Amino acid sequence: MDKLIPMEFKNQRIMTTKVLAEEFGTEEENIQMNFSRNEKRFIEGRHYYKLEGQALKEFKNSLPTESREPLKFAPKLILWTDRGAARHAKILDTDEAWEVYEELEENYFNPKKAVKKLTTEQILELQFRYAKEVKEEVAELKEDFNDFKGNSPLFNIECKELQALVRKVGIIHLGGYKSAAYKDNSLRGRVYADIQHQLKREFGVTRYEAIKRSQLSKARELVKSYILPTVLR
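The sequence shown runs contiguously to residue 233 in full-length UniProt numbering.
The set of hints was computed from the structure by calculation and includes no laboratory data.
Quick caveat, the model's predicted, so the values are computed rather than measured.
Accuracy of the hints is not assured; some may be wrong.
Stated by the list, open to error - Computed cross-link-like contacts, DMTMM-like style, restricted to lysine to aspartate or glutamate with a CA-CA straight-line distance of at most 25 Å:
hint : residue 1 : residue 2
1    : 160       : 202
2    : 3         : 22
3    : 132       : 121
4    : 90        : 27
5    : 60        : 96
6    : 116       : 158
7    : 76        : 27
8    : 112       : 22
9    : 218       : 161
10   : 10        : 44
11   : 50        : 27
12   : 160       : 121
13   : 212       : 147
14   : 218       : 143
15   : 76        : 96
16   : 10        : 39
17   : 200       : 140
18   : 218       : 144
19   : 160       : 209
20   : 76        : 58
21   : 224       : 209
22   : 50        : 95
23   : 116       : 184
24   : 116       : 103
25   : 112       : 96
26   : 50        : 39
27   : 218       : 184
28   : 224       : 161
29   : 76        : 52
30   : 135       : 121
31   : 3         : 106
32   : 60        : 99
33   : 10        : 106
34   : 76        : 29
35   : 60        : 27
36   : 135       : 125
37   : 10        : 22
To be verified - Label pairs and their in silico Cβ distance ranges:
hint : residue 1 : residue 2 : range
38   : 118       : 153       : 25 to 31 Å
39   : 46        : 18        : 52 to 58 Å
40   : 50        : 72        : 14 to 20 Å
Ideal Cβ positions, reconstructed from N, Cα and C, are used throughout, including at glycine.
All chains, full assembly: derive it from the sequences and hints.
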């Protein structure tokens, strides 16, 4: 079987009656007779292909010289597929036929594709491409995480930080803890409220929690740069 020259038709491995008979250790006439007696068990296009005329001519022309020469004067051909060979092995029902078919199935009809050995340069190139893809994926994940982190609302501790900053700035504008303005509860409350109102207005929110974490630095700067309106002075 090692000397078999591969033959294909319609993108699948096939075998002529003569070759099939030789492989199964029987006569070509025996294969033909078994086919004639059991023709209903064979389906054209699944178990075999029958070629005549132009189709046969085109098939012959597609073969290499060593395969074409024995078929040169054949007026018609029957090409057996993997399933067709299996059906003939079943009809013959000999140990030799089954053993040969198993070998044909594995090594002829369904040959294993050779694994291409890569050069050192190709291996390095694949490793580089893989590392690059991983790096790009990590960068994308990092960017997505940063976007998520930046667009998430302020944590409770950050809200408390802003509230503390509002009070600190308010106290400065009121003149410190010991000033009369600071001791005026009504005025002190209005100053705190005005700073908070201005901060929330800038971001279009009603609560500190609605400010995005990416806006925290700007929120701090807005509070620090607060200007006390004349009405509260």
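Hints and how they fare:
1. 160 to 202: Holds, at roughly 19 Å.
2. 3 to 22: holds (12 Å)
3. 132 to 121: Roughly 16 Å between the alpha carbons, so the hint for residue 132 and residue 121 holds.
4. 90 to 27: With a Cα-Cα distance of about 16 Å, the restraint between residue 90 and residue 27 holds, given a limit of 25 Å.
5. 60 to 96: This hinted pair is violated, its Cα atoms lying about 30 Å apart.
6. 116 to 158: violated (59 Å)
7. 76 to 27: holds (18 Å)
8. 112 to 22: holds (23 Å)
9. 218 to 161: holds (14 Å)
10. 10 to 44: Roughly 13 Å separates the two Cα atoms, so the pair holds.
11. 50 to 27: holds (20 Å)
12. 160 to 121: Violated - the C-alpha atoms of residue 121 and residue 160 are around 58 Å apart, more than 25 Å.
13. 212 to 147: The given pair, whose Cα atoms are some 11 Å apart, holds under the 25 Å limit.
14. 218 to 143: Holds, at about 21 Å.
15. 76 to 96: Judged against 25 Å, a Cα distance of about 28 Å means the pair is violated.
16. 10 to 39: holds (22 Å)
17. 200 to 140: Violated - the C-alpha atoms of residue 140 and residue 200 are around 32 Å apart, more than 25 Å.
18. 218 to 144: holds (22 Å)
19. 160 to 209: Distance of about 10 Å is within 25 Å: holds.
20. 76 to 58: holds (12 Å)
21. 224 to 209: Holds - the C-alpha atoms of residue 209 and residue 224 are around 19 Å apart, at most 25 Å.
22. 50 to 95: violated (28 Å)
23. 116 to 184: violated (87 Å)
24. 116 to 103: It holds: about 24 Å lies between the C-alpha atoms, which stays within 25 Å.
25. 112 to 96: Given pair residue 112, residue 96 holds - Cα atoms ~23 Å apart, limit 25 Å.
26. 50 to 39: Roughly 13 Å separates the two Cα atoms, so the pair holds.
27. 218 to 184: This hinted pair is violated, its Cα atoms lying about 30 Å apart.
28. 224 to 161: holds (13 Å)
29. 76 to 52: holds (5 Å)
30. 135 to 121: holds (21 Å)
31. 3 to 106: Within the cut-off at roughly 15 Å; holds.
32. 60 to 99: Violated, because 30 Å separates the two Cα atoms, which is more than 25 Å.
33. 10 to 106: Distance ~19 Å between residue 10 and residue 106 Cα, so the pair holds.
34. 76 to 29: holds (15 Å)
35. 60 to 27: Holds: residue 60 and residue 27 sit about 23 Å apart, inside 25 Å.
36. 135 to 125: Judged against 25 Å, a Cα distance of about 15 Å means the pair holds.
37. 10 to 22: holds (24 Å)
38. 118 to 153: 25 to 31 Å: Check failed, 51 Å falls outside 25 to 31 Å.
39. 46 to 18: 52 to 58 Å: At roughly 21 Å between Cβ atoms, residue 18 and residue 46 fall outside 52 to 58 Å, so the hint is violated.
40. 50 to 72: 14 to 20 Å: Hint holds: Cβ distance 19 Å, inside 14 to 20 Å.
In terms of the numbered hints stated before, the structure departs from hints 5, 6, 12, 15, 17, 22, 23, 27, 32, 38 and 39, listed from lowest to highest.
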